[in-house]
Amino acid sequence: MTRVGVVTFPGTLDDRDAARAVRLAGAEPVSLWHADADLHGVDAVVLPGGFSYGDYLRAGAISRFAPVMGEIVEAAGKGLPVLGICNGFQVLTEAHLLPGSMIKNDHLHFVCREQVLSVENADTAWTRDYSAGQHITVPLKNQDGQYVADEATLDELEGEGRVVFRYVGWNPNGSRRNIAGISNAAGNVVGLMPHPEHAVEAGFGPDGADGPRTGTDGLGFFTSVLHSLVG
Amino acid sequence: MGRVVVDVMPKPEILDPQGKAVAGALPRLGFGQFASVRQGKRFELEVDGPVTDEILAAARAAGEQVLSNPVIEDVVAVYEDVEQGAAL
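In order, the protein sequences belong to chains V and W.
Position 204 of the first sequence, counted from 1, bears residue number 382 in my numbering, the numbering being contiguous throughout.
Position 24 of the second sequence, counted from 1, bears residue number 25 in my numbering, the numbering being contiguous throughout.
Hint data in this document are derived by calculation from the structure and do not stem from the laboratory.
The beta-carbon is built from N, C-alpha and C at its ideal position, and this holds for glycine as well.
Treat the hints with care, as some may be off.
Counterexamples of contact, computed for chain V against chain W with all Cβ distances above 12 Å [stated by the list, open to error]: (1) Arg236; (2) Glu272; (3) Ser406.
List time: in silico DSBU-like cross-link candidates among lysine-lysine, alpha-carbon distance up to 35 Å [stated by the list, open to error]: (4) Lys319/V <-> Lys42/W; (5) Lys256/V <-> Lys319/V; (6) Lys21/W <-> Lys256/V; (7) Lys42/W <-> Lys21/W; (8) Lys12/W <-> Lys319/V; (9) Lys12/W <-> Lys42/W; (10) Lys256/V <-> Lys12/W.
Looking at chain V on its own, in the form it has when it is part of the complex:
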């Protein structure tokens, strides 16, 4: 069975939901501990959301130096699929696996809502079960969610198709060019602020076409990586 690691840092909140999403997609979740420099042979890794190290210094800045991160950076360079959600996305930018950074939301408030995203790139390891241009609805909850990078970096991301998700309808945090998620050049590392792992099971997700809390649009992330791994 495909094994997907889920990292827990001090202050991580969404590791159990991420592990549940992995299981619902048909893979085996494997808990990875921040202080353990060992990936235990997993086939992919999820860095979940939360407030690792209380967001001290900068969101994700201290987690970047955790022993497990050295292994993840090295394996990501060799093609290991890595997904960073919310705080996990912030960790990936601090670890220089993804460009740019996140600053405080432009309106200064914590935001928690069901957010529509458009899938801009359906060719990454984590989005291949979607179609390009597809709209999905997943929860969004953050304080430091405003994606920023210099214009040259943004142009490069756009030109190479590395803008993977954009906010639709409302830009909830002032992110440059409505960017909600990006990938590295190879497409195996993806990071986004919204939370697909909270929209994987009817009864617990956002409102969907079939009624309240029926939305499972986030499950595609986790089935995508399974299909990427088995070819």
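Following the hints, complete the assembly by docking chain W onto the known chain V.
This is chain W only, laid out in the frame that chain V set:
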């Protein structure tokens, strides 16, 4: 004992939402003379011995590699805190 101060500020081209919020609050408290506010961070790094050129260089390196994120912030000053250092 010595102490080195590292000052980190958001880059000028990056909107500073915290500074903006503070700037909005100042006039409400009667401070109408300030046109804008930018909020940064001050780090105080203490060493057991004197602050040498090597210590200052190391503090600058730490400032650029860890204490700031060059995408959004600049290290604007690295200096020995002479008064505080002597009092320690």
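Can you give the numbers of the hints that this structure goes against, from lowest to highest? Violated: hints 1, 2, 6.
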